[in-house]
Amino acid sequence: MLNTLLSGDYPRSRVLTGLLVAIVVGLAFAPFLFPGAAAINTAAKVCIFIVLVASYDLLLGYTGIVSFAHTMFFGIGGYGVGLGLYAFGASWGVIALGILLALLVGVVLAFLIGLLSLRVRAIFYAMITLAVASAFLILATQFSEYTGGEDGRSFSVPPSLRPGFRLFETPVFGTVINGRILAYYLVFAAAVTLFLLALRVVNSPFGRVLQAIRENDVRAEALGYRVVYYRIVANCLAAAMAVLAGAMSAIWLRYTGPDTTLSFAIMLDILLMVVIGGMGTLYGAVVGATLFIVAQNYLQKLMGTASAATEGLPLLSKLLHPDRWLLLLGILFVLSVYFFPTGIVGRLRGKPR
Amino acid sequence: MAEPLLTLAGVHTHIGQYHILQGVDLALPRGGMTVLLGRNGAGKTTTLRTIMGLWKPSRGTVTFDGRSIGGVPTPDIAQAGIAYVPETMAVFADLTVAENMILAARSGPIDTARLDWIFGLFPALKKFWQFPAGVLSGGQKQMLAIARAIAEPRTLLLIDEPTKGIAPAIIEAMISAFAELKRETTILLVEQNFRFAASLGDHVAVMDDGRIVHRGAMADLARDEALQQRLLGLSLDAHQ
Amino acid sequence: MTVAPAPATTPEALPAIKHDYLPILLPVALSALALPFVGNPTTWVTLTVAALAMGMMIFVIASGLTLVFGLMDVLNFGHGAFIAVGAYLALSVLGLLSGWVQVDSLGWNLMALGLAVTVAMIGTGLLGWAFERVIVRPVYGQHLKQILITMGGLIVAEQLIHVIWGGDQKAMALPTALRGAVVIGDVAIEKFRILAVVVGLVVFAAMLVVLNRTRIGLLIRAGVENAEMVEALGYRIRRLFVGVFAVGSALAGLGGVMWALYRETLTAAIGGDIMVLVFIVIIIGGLGSVGGCFIGAILVAMMANYTAFLLPKVALASNILLMVAILMWRPQGLYPVAKR
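Chains as they are written, first to last, in my numbering: chain A, 1 to 353; chain Z, 354 to 593; chain U, 594 to 933.
For the record, the hints were derived by calculation from the structure and aren't laboratory data.
For every residue, glycine included, the Cβ atom is placed at its ideal position computed from N, Cα and C.
Don't take each hint at face value.
List of simulated lysine-lysine pairs, DSSO-like, C-alpha gap at most 27 Å [to be verified]:
hint	chain 1	residue 1	chain 2	residue 2
1	Z	K535	Z	K480
2	A	K301	A	K45
3	U	K763	A	K318
4	U	K738	Z	K409
A partial selection of chain U residues facing chain Z, derived with a Cβ cut-off under 10 Å [unchecked claim]:
hint	residue
5	D666
6	L801
7	N805
8	L811
9	L812
10	A815
11	E818
12	L826
13	R829
14	L904
15	K906
16	V930
All chains, full assembly: derive it from the sequences and hints.
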């Protein structure tokens, strides 16, 4: 059973297993364990980013190509569902249609970008995706009559996901099961399903070919694998998964806008999560996303305290200002690319296979 | 026997996971031409690249002119007096013939007497002096690659398969050029074309599976057809 | 290059050198094409001059990057950091020299600007040298890590700018005598744009002279083609590369000063906006080609300026289309660099 679920890809480290179990249990019972709107928001964000980061790892870690357009696909999912709900009202049919359309647009776009750049030179891909994603961001903000521009769009979700909805008359373990909690579990279930699917993909024969290409594309080509074909398919798969993550985000936030899905800052966050968590191990996405998002909330508070405590030392105080938390993460990122290219998960697993 | 110019002792070279040179022992006397023969994949090119420092030996020593050059950076090896003509010729296609030669002469402009001598060896270069090297024919590129190696006097020339894919008429011209060159300097030539090798070589070494399997005078090997057959087998016939 | 190799059978025939002029015609064609759409010739001249000015700034920034890539196969995603640092250094210098900046005298203004540019270029050059040693050197030959590491370097550099200069948007005022426009007939041309074009042309000319007339330049061109052979000829390509990296960074610093003066405002993210255009330029120019970079920069800037006037919402998207069109025509860019 477990073997099938995990596609035979176990964490292979006692500490990592413990960490993962803790994260899964924490997320599964988040509404009961951590009451309060802020905590459940954080938990939902973790779920969404686990999917997003895992899909990015399909590209970066398993296929060895760097894309800067992943937030674009995330955004396509967010806008697909969000604009649909905004325009046609809150119904499950609209959500389904929005997801389908977004998947179509996302996969076609991923296919075209892949065809254009992966055929020529892998390093083109990073530059071209950066350019395309920037153009997409500008288009999304410019056509404000459709997209809401910089402000984005707020919309309602189907009634059963609204805060006013009650599943039971009485609280369960002291917690009222309202529509928000249902929405959370929808997001959680989607995250678990998509993550296990991704695990299935990377442990399939297809996934093994991707890794062979990452290790040595010339040799993979010589062995008869059409490298371009595999790269493009991986690209489309990753894009589709990012689209779904975007849809999850829209349903949870009841809002979609450039800052929550498309911005380059989110792209950098994804990069940091993948690298710090561990490239080429989907479990790294779980660990990276969780640690990053928790740190985002917690580290900033800590830095605020430290900054106030060092008020007398002007430079140090500035360095520790809560807004500078990216500085610490940036340094951590550079160091981890040098010294722990396999990230936290790679460290915990010890020697690579 | 006088001290050899170049000595390889027990040299091993790995390229990635592949163990190419598996203990090469080679001593090159000063002056004349030594030809390195052997079938494809025997490690001839790797031997030249290891001498030049383009691959680092994982074990063993390389000594040139009394100085250890194993693991020394390539530019320092070049400056010690070794010139290299790779199999790919590696002429700079966007640069003119003149510019290729300017770069080859590290210590300043080439003096006219030497340039005239080079033009005498390879007349085509004079004609195409101001042309981008990319427009030259394969044979002309090969001449430029060799001319670049002798733009200034060097102690040792490493030349990798200069006859590969070259028209017979040009090979004849190359033979006379090499005959003159080896009076000035020491040459280590990798070759598949046995007739070409036999007409020029003074010494010969045969490689197989990353080791030297035969060393001696070229004249002896050229005379002994049975030995040729045993050492070089059919692989050389295919290249005749 | 697209020059055909001479047939091996006729070694005596003088080969014809085919010069590839087609890409040079592209900017001319594009500007001619834009004229009927823009309609008004005066507006068209203004837009074209603006495009040339912007193109020169993009070229100055992109040229170093494309050479670094060609020479060492290193793609520096952190190049944008030098743009920002250059601009901020100039901001500080101009702030100290506010007297020279505010007086209405071209001489004093240019002196202040020259000093600011000098400081910016020395600063970014040194920073580039350090960046190469600390960030780039350990990851030679590993594209994936290069992209990640230089991106990380960019994050750290931007954050440090916040620490040193503060995170708020700064005003970058043009020196007094460089404000306003020169009126020729009924066309008004902003003075700063003229200066930008002049600076860009000087940089391009200097680059051509260095690349074609000096030994260092020959080594760079040879190294772009085949770095290993340059080493086998006895030259330390590492030194050459560090030098090119530092000069490329200094040029990005210069471009950053110009870009900030052009926009007259400045934030730490200033490099990000223009880097997108810079990447498009070096892709369509042909990675490693200075000439392609020059033409590509003009093309991209023209596209940006004409569409900003005609269809402002799709300005950047139009450049993506330009890039797609050019890559379909020449998959390796306008002037592919001969690689082994």
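Hints and how they fare:
1. Z:K535 with Z:K480: 25 Å, holds
2. A:K301 with A:K45: 19 Å, holds
3. U:K763 with A:K318: Holds: U:K763 and A:K318 sit about 19 Å apart, inside 27 Å.
4. U:K738 with Z:K409: With a Cα-Cα distance of about 24 Å, the restraint between U:K738 and Z:K409 holds, given a limit of 27 Å.
5. D666: At about 16 Å, which exceeds the 10 Å cut-off, the nearest Cβ of chain Z leaves the hint on U:D666 violated.
6. L801: Interface hint status for U:L801: violated (13 Å vs cutoff 10 Å).
7. N805: 9 Å, holds
8. L811: With a closest approach of 5 Å, the U:L811 hint holds.
9. L812: Hint holds; U:L812 Cβ to chain Z Cβ min 7 Å, cut 10 Å.
10. A815: Given a least distance of 4 Å, the restraint on U:A815 holds.
11. E818: Result: holds, 5 Å to nearest chain Z Cβ.
12. L826: 6 Å, holds
13. R829: 5 Å, holds
14. L904: 39 Å, violated
15. K906: Interface hint status for U:K906: violated (41 Å vs cutoff 10 Å).
16. V930: Holds, about 8 Å.
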